[in-house]
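Q: Residue numbers (our numbering), protein chains in the order written: chain A, 200 to 506; chain B, 2 to 257.
The set of hints was computed from the structure by calculation and includes no laboratory data. Given the structure is predicted, the values throughout are model-derived calculations rather than measurements. Mixed in with the good hints there might be a few duds.
Stated by the list, open to error - Coverage of chain B stretches by chain A, computed from C-beta distances (three or more under 8 Å per stretch; other residues unrestricted):
{"hint": "1", "stretch": "15 to 26"}
{"hint": "2", "stretch": "100 to 107"}
{"hint": "3", "stretch": "110 to 118"}
In this text, a Cβ means the ideal position worked out from N, Cα and C, and glycines have one as well.
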Amino acid sequence: MTTAIELDGLTKVYGDKRALDGATLSVPAGSVYGFLGPNGAGKTTTLRILTGLARPSSGTAKVFGKDAVRASTAVRADIGFLPDVPGYYHWMNAQEFLRFAGRLYGVAGRVLDERVASLLDLAGLTGVPTKIGGYSRGMKQRLGVAQALISAPRLLMLDEPTSALDPMGRKDVLDMISALSGHTTVFFSTHILSDVERVCDTVAILHEGRVVREAPMSELKHSGAATRVLVEIADRPDQVAAGLAQEPWSTECTVTGRSITCGIDDLEAARRSIPRVVAGLDASLVRMEELEPTLEDVFVELVGGDA
Amino acid sequence: MHGFAVFLAKEMREIVRTWRIWVLPLILVFIGLTSPIIAELTPQLLSSLSTGPEMEGVVIQLPDPVTRDAYLQFTKNASQIVIIAVIISVAGMISAEKRSGTAVLVLTKPVSRTGLVVAKILSNWVLLLGATALGALLCVGVTVVIFDTELLVEFATAAGLWYVLAAMFVAFMAVFSVLVGSQGGAAGAGVALYLVLSVLTGWGPMRDYSPAGLLSAGDRIIVGESVALLWPVVTAVAATVVAIALAAWLFERQEL
Numbered sequence: 200m201t202t203a204i205e206l207d208g209l210t211k212v213y214g215d216k217r218a219l220d221g222a223t224l225s226v227p228a229g230s231v232y233g234f235l236g237p238n239g240a241g242k243t244t245t246l247r248i249l250t251g252l253a254r255p256s257s258g259t260a261k262v263f264g265k266d267a268v269r270a271s272t273a274v275r276a277d278i279g280f281l282p283d284v285p286g287y288y289h290w291m292n293a294q295e296f297l298r299f300a301g302r303l304y305g306v307a308g309r310v311l312d313e314r315v316a317s318l319l320d321l322a323g324l325t326g327v328p329t330k331i332g333g334y335s336r337g338m339k340q341r342l343g344v345a346q347a348l349i350s351a352p353r354l355l356m357l358d359e360p361t362s363a364l365d366p367m368g369r370k371d372v373l374d375m376i377s378a379l380s381g382h383t384t385v386f387f388s389t390h391i392l393s394d395v396e397r398v399c400d401t402v403a404i405l406h407e408g409r410v411v412r413e414a415p416m417s418e419l420k421h422s423g424a425a426t427r428v429l430v431e432i433a434d435r436p437d438q439v440a441a442g443l444a445q446e447p448w449s450t451e452c453t454v455t456g457r458s459i460t461c462g463i464d465d466l467e468a469a470r471r472s473i474p475r476v477v478a479g480l481d482a483s484l485v486r487m488e489e490l491e492p493t494l495e496d497v498f499v500e501l502v503g504g505d506a
Numbered sequence: 002m003h004g005f006a007v008f009l010a011k012e013m014r015e016i017v018r019t020w021r022i023w024v025l026p027l028i029l030v031f032i033g034l035t036s037p038i039i040a041e042l043t044p045q046l047l048s049s050l051s052t053g054p055e056m057e058g059v060v061i062q063l064p065d066p067v068t069r070d071a072y073l074q075f076t077k078n079a080s081q082i083v084i085i086a087v088i089i090s091v092a093g094m095i096s097a098e099k100r101s102g103t104a105v106l107v108l109t110k111p112v113s114r115t116g117l118v119v120a121k122i123l124s125n126w127v128l129l130l131g132a133t134a135l136g137a138l139l140c141v142g143v144t145v146v147i148f149d150t151e152l153l154v155e156f157a158t159a160a161g162l163w164y165v166l167a168a169m170f171v172a173f174m175a176v177f178s179v180l181v182g183s184q185g186g187a188a189g190a191g192v193a194l195y196l197v198l199s200v201l202t203g204w205g206p207m208r209d210y211s212p213a214g215l216l217s218a219g220d221r222i223i224v225g226e227s228v229a230l231l232w233p234v235v236t237a238v239a240a241t242v243v244a245i246a247l248a249a250w251l252f253e254r255q256e257l
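For reference, chain B alone in the conformation it holds in the complex:
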């Protein structure tokens, strides 16, 4: 058990001392800051397009931006750009250790392979949680300044659901990173999984009873739809547990 704790501590220090501390937090900070501003400026930008002579006679009518638009901008970015960024940034979590030879040096000491896999996933979850909280709080702060304090509970719920989805992707990336030797190959498998879920989220039964529902749940909550969350959350948590167990089982059987 001490081997697991020591390896987890190493993972956390590695996050702080390498590029990993910058990528996801910066992306989430960026969309947290810009989503409300883009929501506020989009109607003005589109209106300005109708001022030229070539647009004479064209009338663009847009409703005034509201709080909902700011939070929707954030959730849409999070469920597309940020999920892809998560997939790419964690794609090498196991394969990079194998390729660089550090896995051999660590696993010939009294450290279990399951412990290594779980520590990798846990550390990425912590990083993701911090980055998500930071990005969401900045989004709320800027939104409150530009708009008002409405929809805070809805946005917090949407951010929480997004985190459950992203955490599931991290667990599946551990499986792909064990199975596929290259970071690019594992990232490709992760993007393929994302595309499958994106298609399934448009199909009612899968949206209501599988993790695919989490891809659109945040948007639907923010626009005021009644959303059945139980099964998407339960199945996402179950899939996460299965993915962790599968990654550990596969890694235990691999020869290094």
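Here chain A stands alone, though its shape is the one from the complex:
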């Protein structure tokens, strides 16, 4: 499988602060890769190194096998990038900016005309005559994704593309990213877990400058974090919850209506004893379901209280 991004021991030191501390990861080509971490974990620093805006103190960063520092111009020809707060020439309108961005990549003629038209459509900015200076934050962010796509890049890098948007703006940008799945590699930094769960197929979790976990989303959710079980009963939920909470495998139990959710540290023991506890309290068991850990469970377990 081709590797789009490869970081090996990437370290960046500012004075006595280590923004990156030996980060190592590998992004498969074609994936929508979530680069997840709390604020200050080193996500933006990583993207700045990959795009040639900063230099690493040590370690290597490669994009499609090319060194991001020594072959920076060649790397930049392969990528589209959206910074967390994109800056525009406010005297241009969206169409002018897209044409300018396309020409910087050497895109011209009919190809440029077609891409500008389709990306304006994708960004919902077709026919908007207003200068960019008058755009809302959401419009600027959608234009940011569009300009990052103008060269039909092999790799799209997005730095916190949804962090400052309202729910509608977030939905629009996430829809644009989802539409790219399968034909463009997307490297997407964020601290918003639900965004990653929605669009990413592979995830790395960065904490204090180190990659503490890297895995396909499905694998990540099946590993590591505490498992939970949902018990639905016909009657007496409070008594049953109190009974389950006293079992040695139970970490905590919460009641919502007739549903009881228990954290567990021994799945086999829970499977054997839950029917017995319910029957012992003369209650009726309606449903029992083993719940997969959410990304939030995994994230909190890996980065602790710092998130």
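With chain A's structure known, arrange chain B on it following the hints.
A: Only chain B this time, still in chain A's reference frame:
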């Protein structure tokens, strides 16, 4: 290379579509139009001061204004007010791109930082050349109408030397704009450089062998002095090349 050409074209369009098209051209048009008129009216204005009772007994004798006075008025204004205006108007050429985030969006595409610096300087030189030519031509036109057609070659030489000096200041402002984050800070550094050159132009060796000589060369040519131009021009061009290289080198090493 196409990235440089595209960015340069963007710079030229930005000049035309923003405030930048107005500031320097208007200042140079203003001094081009008013310098000959002020030269013509100054003796009359001063004479009118001696008509009041409080000036009784005071005699102000002024020679009749001539062509030389019109062109000297222009070169004096250009080497003071206009140079300061150039310094202030280009002080943010790089730092504004960094501050607004546009530098990040441009430089993460296949555009070299050296190309960006050179395009910024080139576009400002083009603007300055157009404004200088316009202002100088208007000054010549009004001077010919009010006075005569003398000193045209001398004035053209003086305007050309002023342009070399102003172009050097643009290159140094690129260095200051890379180094200093704020437009005000860079402008302050540029004004400090101007003051240093203004002092040095009064010292013979520096006036004859450094760019400082260009600050007064135009005036001296117009009044008919014999002026050694070679070293001031050569050193100004050399300083301009060094400043461009320094700005590009510093910007290449900066983290954004």
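Q: Quick one: which hint numbers does this structure break? Sort them smallest to largest.
A: none
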